[in-house]
Amino acid sequence: MKKIILFIFIISSVAVSAQETFNVNGTHDKNHNFYAFTNATIHTNYLTTIENATLLIKDGKIIAVAEKIDLPANTVVFDMKNKHIYPSLIDVYSDYGIAKAAKSKTRNWTRQAKTNNKGAFNWNQAIKPEVEAGKLFKVDNKKAEELRKLGFGTVLTHQHDGIMRGTSALVTLGNDQANAVMLKDNVANHLSFNKGTSTQSYPGSLMGMIALIRQTYYDVDWLFNNKQVDEYNISLNSIIDNWKLPQIFEANDKLSILRADKVGDEFEMQYIFKGKGDEYQRIKEIKATGGKLILPVNFPKAYEVSDPYNSLIVSYSDVKNWELAPYNLGIVASNEIDFSITTSDLKDKKVFFKNLRKAIKSGLSEQDALKALTYSPATFINEYDRIGSLAQGKLANFIITSENLFAEKNIIHENWIRGKQHIISDYNIIDVRGNYSLNLGEKVYDLKVKGEPKKLKGSIQIIGTKDNKPDTSKVSVSIKVLKNSISLTFNPKDDFEKGTVRLSGTVTNNAAIWDGNGQLSNGNWIKWTAIKGKKGKDDDKKKKKESKVDSLVVPEIQYPNMAYGFDSLPKAETMLIKGATVWTNEAEGIMKNADVIIHNGKIQAVGRNLSFEGAKIIDGKGKHLSSGIIDEHSHIAISRGVNECTQSVTAEVSIADVVNSDDVNIYRQLAGGVTASQLLHGSCNPVGGQSALIKLKWGSSPEEMKIKDTDGFIKFALGENVKRAGGTSRFPQTRMGVEQVYYDAFIRAKEYQAKWDAFAAIPEKDRENTPAPRIDLEMETLNEIINKERFISCHSYQQGEINMLMHVADSMGFRVNTFTHILEGYKVADKMKAHGVGGSTFSDWWAYKFEVNDAIPYNGAIMHNQGVTVAYNSDDAEMGRRLNQEAAKAVKYGGVSEEEALKFVTLNPAKLLHLDHKMGSIKVGKDADVVLWSDNPLSIYAKVEKTIIDGAVYFDIEEDAKRQKENQKEKARIIEKMISAKKGGAKTQAPNGKKPKLYHCDTVGE
Amino acid sequence: MKNILLILLTGSLLSVNAQIETPAPKQTKKIMLLNGVAHLGNGKIIQNSAIAFEDGKLTIVANAAAIKIDFSQFDTVINIPNKHVYPGIIAPNSTLGLTEIGAVRMTHDYSEYGMFKPHVRSIIAYNTESKITTTVRSNGILLAQATPRSGAISGTSSIVQFDAWNWEDAVYKKDDGVHLNWSGMFSRWNGKKNKEYDKSVTKLNDFFTNALAYSKTADYPEKNLRFEAMRGVFNGEKTLYIHANFVKEITEAINFSKKHKVSKMVIVGGYDAWMVADMLKENKVAVILKRVHSLPQRQEDDVYLPYKLPHMLFDAGVLFCLENSGDMEAMGTRNLPFYAGTAAAYGLDKEEALKLITLNTAKILGIDKTTGSLEVGKDATLFISNGDALDMRSNDVIGAFIQGRHIDIDNHQKKLYRKYSGKYTDQ
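Protein chains in written order, with the working numbering: chain A, 1 to 1006; chain B, 1007 to 1433.
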């Protein structure tokens, strides 16, 4: 014991005030007393609880926590009997004390190419890594109090603005000089997928933001490794300075966590992700990121669904998410992902504990909850040596509660921050609520006291007569309590007193007895007492209502968690399709009464009278089997913008970064026999972004949908969209300008490559004094085209511009791979054939723009007849699900044979996408991507019965009907639950159902 | 006789007519189409038919084997074995002739300024020279309801036939109806409740109440053009077309027109109409059903719901037909027969499906006394296809008549096809 005491003095002699450097007005008022909190249940950390223990603090720090401590003489002792002490909570995702970034008052209608952030900063206004929350921070006691009431003692705060947001500061929630509150600045570095207040046009899409982050990291790398570079860039230097700090990325939905992680991996950077609460929907992939999570307890309100028609507006996925959201934290915890909890998404912070308790009822253990509010956030920012538990030497940041922190009845009494007391709910306050019999001399009244301790509501029951009639009215009583003094005023207007009764007295005996003197309206003094009776009945009633509803059984999560989502993903099967009409797309042509074996995801055999042991037999009699439809031009399954419109050349952006696996149109297109799609950038700019090639593996993650080992593709665009997009101030405005954009881009790309080649030629040892060229992702991509590693699909209409691009390509030494849309291809089919470019066109679209006035539905047939590889594409979520019918139009308009016409949507797009070695025909060894049709696939009467990808059945017309019914039942079940939640007092929101945006080539914005 | 036969069967492709398609002269000869498969448009089919017409009207529609034909009675007898004959397809709720190029605003004549404009008449803007119309009629669509768009009341439509020099001779039924766009209860953009809904319905109520009161006075001293245009809605001369899709809006629209004593009301759109089929039948409200080739409106809807709606409405006994409004509506009108084809693929009998673009449409538009089906006494507005016209593989229109006039089914696109096919074959 002596040892402890000795140690104490050593510490205290070292302790220095947090504002030692400040002048004091008047007499110094220092207090170096010890404070001891005895007889408490102390939760020293999320794992350990000591009963009947003592916490000893001094000068804002913890001196000791133990069952028994010998208290020094100068100790102020607080008896904590029946009370709990916890380390105060930590929120690492706050903007406390940081002014919001100023928004530009005038809206920017025209394109803003340059940053408005004047100074030696980054070129892009949304990249602000130089912002330091520590320098912006001001104590805001009102906001601090809001969080203190919830038991928080420390927050990590930063300015929530921009894509790179700068660093955060760790501050306590004390009401003190900022110097006494801040624990550290430059604690973590912050990023997001949100431009915030930036008025600069670029980036205008999520993929643009991702590309910008990538490019910025390359720039940082370049500056860091090349000291000779002349450019002084405060922003990039800040990133270098803060590279080693914890990096916190606000991803704000499950897929964006995966996206951010992918970027991080490229630069050996592991982010901590701030999520949105839907992580349970992709938990396997999120765990695989290795990232820690910061998660909100912000659950959606139940929808107002009492009108059954209105409930149609609310989507199945929103209904599902309402039920599952409270399970998120429990699911994350049980998957052993480190996470902390933040209040940041809560508009009304008061619901924090209510929601947290909901999460606990839905499977989150109390231990994990406490961990996520103390240990985890502290360790995320490497501050566990100061905060996050109660241990010797740590900050005296703790809370005193009436019960277990998570208990329904718990009251947070006090929140001590750095040894300073903040009373939240005074435990010394005398709670006078209850039922009393109030005696005024001979007269007895029944008195009820309700309300909040600071806002009491009293009433008395009159039992008597009034105007000679029985009187049982209630009269309200004004009650004021100050410490132990109590005063009551009321006006019974009964036989006893027509005027006002005023009483004053003392509360004693743990509020069970009040007594004192009072005065009546006639001036007479009277003795009075109030004696506490039994508990009221009301309290019990309430309890019964709650309970039930919540359950620890996690409701079923579907993949994706929306209508038609799978319970479990389909697996490759061994199948024998017997006796079908097989459209092989090979020399065998259309084989009647043929068999096809599918095994290990591949076509195993094609022929007649085949057998395979263990194969599932599918009767193909009267049915047709074709290759899966491939859509060369699709814009489904894309998140937050299909166009990066803001510059004429945006080769650096990629749709592959923003594939959205949660688009119901994936399923709808499976129902139309589509198995693979090229997800293309839009047609805003001459050089658009890179494509994603996906298989429509509904239920899989974006990464799993992407086709492995493919050539790269990129979207180019010509004509009206390019001219009109980006307003009237962006070059080019004419077809003349478009040509020059290309020459400029490719000449720059070649010069760029030449620089690198020259650099590579310098011997390693001589490089020290020569700065390396800067990696420019735009130029890198253009060089991929020149080097035939990436291939162009060019949005095009008029023959003149088609001709132009072929000339550009010829002169730059590459070939255009595909002209997409190409509605005037028929005018230059011979030139296209000579260049070796394919045409992916619409069957019969025209007249939607001036440049398609000469579009004809015979276009496909003419190009085909000239030997051009022709595909029909959709560019439209609706048309994408009946491309077989569009292929049939090649028969109608121009008399293409049925066999060749079907190739327009199967083999030919496979060729254009360089996938024909494994897709596009029913040939042994190719991927088993096939469709079973009820009829000739070109017939309007044909229906898809099965769509198979890699040997797994992703769409089955019977399963579809079943799932539709199950979805209906499931939605009805949850709606029933919403209604009972509403009856139980849950707040609701008006029905709403934002439909996902359908993208076309020319869709601008997110 | 031989001449016509040649023109009919091969004319559309071989005629090297460089001129713009010219309206045909009035029918003077008596014509008989013999041995074709006649799809009457009323649900019936005659495998081996004899169809005759003179002065623009059908005189015989019969089984060729079951009647005695005096061939000397006809100037022209055209033998069309294995070919299919259909009544001219009618496109309701269409902007054909009112627009030419989607992205060029100056070519748009369907959307007038203002909210309440029943007095604005589409027929005035109807362009008989539209290049789009010629591409549509060569797929068998021969009539349309030229319909204005936008605002609460977008204007008054007229029904036109596609063979005319000027809008005056294009008119088939002038000023047939007034179009009302029922305000959405939920925003189309963000799905949130439309806070203005109540207000906009109140305004509509107010307008209709006043229009009805106005219509009671025959010769109003001070004319109100809007109210004048509304008279027909109350006295039976005009149909009120209410465009609505959401079930509650449809219900409201029906109650609204009852309340205001509208003589004939039709729902246009009607995505949810199947949910209130009984109410529609009870009130004799027909539906012009939203484009069949469209996406389901709700995530959990049957993925094929738009394909199945025709069958569902048919089973429920509602009178309805098909339309094509929406994206690229004018040029896409040529796909109207395929919507009927899809309706057939998803449960409807093929001849019933044909009704949805012919006789049912005529009934709903109030022109079924003279057109919409191949029946004696009706207009000889029909076309001949090499195969099943409801399937794109076989829809191959080789000849067409409007009111007996043998129309030119060539178009700008076919000309370009010939021109550029020639470029390669001549090289």
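Since the hints were derived computationally from the structure, they do not count as laboratory data.
Check the hints yourself; a few may be wrong.
[Unchecked claim] Not everything, but these chain B residues come out facing chain A in the computed CB check (under 8 Å): (1) Met1112; (2) Asn1230; (3) Asp1308; (4) Met1318; (5) Ala1322; (6) Gly1353; (7) Asp1397.
Glycine included, C-beta positions come from ideal geometry on N, C-alpha and C.
Verification of the hints:
1. Met1112: violated, 10 Å
2. Asn1230: Nearest chain A Cβ about 36 Å off; hint violated.
3. Asp1308: holds, 6 Å
4. Met1318: violated, 14 Å
5. Ala1322: The hint is violated - alanine 1322 (chain B) has no Cβ within 8 Å of chain A, the shortest such distance being about 18 Å.
6. Gly1353: This hint is violated: glycine 1353 (chain B) lies away from chain A, its Cβ roughly 10 Å from the closest one there, beyond 8 Å.
7. Asp1397: Status holds, d = 4 Å.
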